[in-house]
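Colleague: Let chain A serve as the given structure and place chain B on it in line with the hints.
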Amino acid sequence: MNVRDLSPSELRDQLERGAFRLRIGPFVAQVRTGLASVVRSLGFFYGDYPLEPFEPFEPFEPFEPFEDDSGIADFHLRLAPPPGLRRYYRPQVLFFQDGRSQFQPYPQGLAPPLFEWGLNWCISKQAHQYLIVHSAVVERGGRALLLPAHPGSGKSTLTAGLVHRGFRLLSDEHALIRPEDGRIVPVPRPIALKNESIAVIQKLGPELVFGPTFHDTQKGDVAHLRVFEDSVKRSEETAAPGWVVFPKFIKGGSHRLEPVAKAAAMMELVDNSINYSVLGSVGYRALARLVDESMCLSLDYEDLSEALDELKHLPERAL
Amino acid sequence: MWRVPENWRLEWRQWGGLHVVYNPASGDTHLLNALPAYVLRSLETKASSIEELEALVSSSHDRPPDEALSSDIEALISELDELGLIAPAQS
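These protein sequence lines are chains A and B, in that order.
Take 42 as the starting number for the first sequence in this note's numbering and just add one per residue.
Take 130 as the starting number for the second sequence in this note's numbering and just add one per residue.
The following block holds chain A by itself, in its conformation from the complex (with noise of 0.2 Å):
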C-alpha cells in the first residue's frame, strides 16, 4: 500500500495516532502529527512511497506503554506545538526524535520543511551503516553521478535539473555508499531548491511539480520539488559509482568541467563526508574504492543549460 491509497481522513488519523510508517529506500520513518500543514505536505509529497505495516506493541504488565514503541522503525518522529501559551500567540513546532525534541522551536507556518529538515539530521546522525556523503546523487545506465558540495555551490539546481533530463534521482542531500561493495543505495527525497533556483527550476517545464515556497527561513526562501514515481518505484535498485562531480557555480565566471587529481577528489569527499571519522577505517576504504571506480571532475557554471548538456553527456564518456 502507497500513501496516495489512503483517503484523507485515513492519512490524518494514522499520522494522529502515530501509526504511519513510511518507508523511504532503507529507512521506515514513523511518523506522529496533529499539524494539518504537515498531513497535507506528507500527502502531497510522498504519495508514491510505500507505507509499511504497522503493528502496535503491547507492553507487558506493568509496564505502562510507551508513546512510541510501536515496532521497529529506523526513526520514530513527532512534530508538535511546545505546551502553553505558544500553542496561540506566534504558534511554534517542535521536531521530536524518540520522544525527544531536537531543535530550538520553529514557526509553525515551517512545519513542513522542518519535517525534510529533520529526517536530513536523523539520517547524518544515525545512518552509519553506510558512509555518508554530503551529495546529491543521480543515476543513468546503473551508474550513480554524484556532486558533492556545500550548501550554496547549485548541487539541488543541477540536481533538479538532471532529474528532469531523465536522471533516476538517488537523494539530493545523501550519498549513502555501501562499504560491504562500494555502491550507492537510494533514498529518493523531495529536492529542496532555495531563492533564485526555485524560478529557475520551475521554468524547466510543467511536470516538475513544487509544493509552496516557504519565505524567510534561515536559508532564505525554500521550496521543495516533488520526485518522480519512476525514481520512488526503483529505491531498491542500487548504483555502481560512475562519476564524481564537484560542482560550483560561479555567478558571471566562465564555464569549466575538467578532472580532478584522484588524490585531492579523495581528500574533497573527507571534507564532504558526515560520518567518516564515525567509520574509521571502513571509511576511508569505502571512499578510497568510491574514487577508484569513478571519473571525478569539477565544474564550474553559471549557465545551468550549458552546465546539464555537458553532465548529460557523461555516461558516454569511457571511465
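Just so you know, the hints here were simulated from the structure itself, not pulled from any lab data.
Quick reminder that beta carbons are idealized off the backbone N, C-alpha and C, glycines included.
Examples of chain B residues lying across from chain A (beta carbon under 8 Å, computed):
1) Glu140
2) Leu147
3) Pro153
Modeller: Showing chain B alone in chain A's frame:
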C-alpha cells in the same frame, strides 16, 4: 630516532604521484607528495635518525647530501611529527 609506531597501521592509496594516508590512531587523513610518502614508508618499516634518512633520500632521490637536504629532512620530520604520523623511537 623516529618511526611510525607499529600498532598504528597506516592505510595507503596512491593516485598518480600523490598519496592519501589514513592514520587510524588519530582518525586523520593526509595528502602527501612523493618525498614525504617515501620517508614515511621508510619509517613504517624501520626507526631511523635524521642522518640515516638524509643518507637514504640522498641515494634514492639522487640528491647531494648537503645542507639543503639536511634542512629539508629536518623540516619534513618536524611536519610529520606535528601531523601525528610519526613518534620518537628509542635508539
